[in-house]
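Residue numbers (our numbering), protein chains in the order written: chain Y, 1 to 107; chain D, 1001 to 1151.
These are calculated hints, taken from the structure and not from any lab test.
Where a beta carbon is used, it is the ideal one built from N, C-alpha and C, also for glycine.
Some hints here could point you the wrong way.
[Said to hold, decoys possible] Chain D side only, calculated, beta carbon under 10 Å to chain Y, not exhaustive:
1) 1066
2) 1093
3) 1107
4) 1114
5) 1116
6) 1118
7) 1148
[What the hints assert, rightly or not] Using 27 Å as the maximum straight-line C-alpha spacing, the simulated DSS-like pairs for lysine-lysine come out as follows:
8) 49/Y with 1100/D
9) 1100/D with 22/Y
10) 1041/D with 49/Y
11) 1140/D with 22/Y
12) 79/Y with 1100/D
[Unchecked claim] Pairwise CB distance ranges, derived in the manner of DEER restraints:
13) 40/Y with 1081/D: 47 to 55 Å
14) 1056/D with 34/Y: 25 to 33 Å
15) 81/Y with 1085/D: 17 to 25 Å
16) 24/Y with 1145/D: 22 to 30 Å
17) 8/Y with 1059/D: 23 to 31 Å
18) 28/Y with 1141/D: 23 to 31 Å
19) 1085/D with 11/Y: 24 to 32 Å
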Amino acid sequence: MADKPRLKLPKEAKKGDIIEIKTLVQHPMETGLRKDASGNAIPRKIINKFSATFNGAPLFSAELEPAVAANPYLQFTAKVDQGGTFRFTWVDDDGTVTTAEETIAVT
Amino acid sequence: MSRISRRDAVLMGASVTLYLSVADGGAALATPPEAEAEIAKFTGGKPAQDGKIAIDLPEIAENGNTIPLAITVNLPMSADSYVSDILVVADGNPNPGIAKFHLTPLSGRAEVGTRIRLAATENVIVVAKTSDGKLYSDRKQVKVTIGGCGG
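Build the full structure now, drawing on both the sequences and the hints.
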């Protein structure tokens, strides 16, 4: 996962707004069902868990299966009553953890 | 070496298409046990009501490798009662599970989106659970031209 995760959310919002958050991380989401050119099974390697917190409080999480497309895209919402920091975490089958953060100002 | 005439080739093509469409029709009828088991694990065997769920999926997907899916559950997201979990399964994939989403009152709305893989023409089944134990379910069929789980 060399590329930085892509995040799309507003930089600012009004108190009480429900904002939309879009995230995407580069990952093959290898299903474990495919075979390579010489007929050997390609081992499964997917992002199996995603979670998002806002100012440390759980906001949203997802458990993913191989039936989620490559470069897993997730879209969800958050009701913001105060400014703060969103923190996003992706967990790979091999234990690799990727994180990203984004702040929002609330007026 | 025998040659295949143009007419034969057309006939062969037609019979293959017919065979495929019959096979698809059969697969779409009942929910297979694997998918049922996945749903039962989520619901605890309790029945789910219809309605409240809007599933946004294309009717026809040319490429089963990446199909946009959006789910909206039309229920309030208050601290007392909110949509806490959403299960997505497919009834014709090699493994039924697609994803499980966990929401909180902080979510504001019960709205999630992702992109999924479907191996063939099949149903996507969504089950939503509220924090106070209510269950809702809905399903939508997607016709898939080229499957997305293969090798």
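Outcome of the hint check:
no.	hint	verdict
1	1066	holds, 4 Å
2	1093	holds, 5 Å
3	1107	holds, 5 Å
4	1114	holds, 5 Å
5	1116	holds, 6 Å
6	1118	holds, 8 Å
7	1148	holds, 7 Å
8	49/Y with 1100/D	holds, 10 Å
9	1100/D with 22/Y	holds, 17 Å
10	1041/D with 49/Y	holds, 19 Å
11	1140/D with 22/Y	holds, 24 Å
12	79/Y with 1100/D	holds, 21 Å
13	40/Y with 1081/D: 47 to 55 Å	holds, 50 Å
14	1056/D with 34/Y: 25 to 33 Å	holds, 28 Å
15	81/Y with 1085/D: 17 to 25 Å	holds, 24 Å
16	24/Y with 1145/D: 22 to 30 Å	holds, 25 Å
17	8/Y with 1059/D: 23 to 31 Å	holds, 27 Å
18	28/Y with 1141/D: 23 to 31 Å	holds, 28 Å
19	1085/D with 11/Y: 24 to 32 Å	holds, 31 Å
Hint compliance for this structure: every hint is met.
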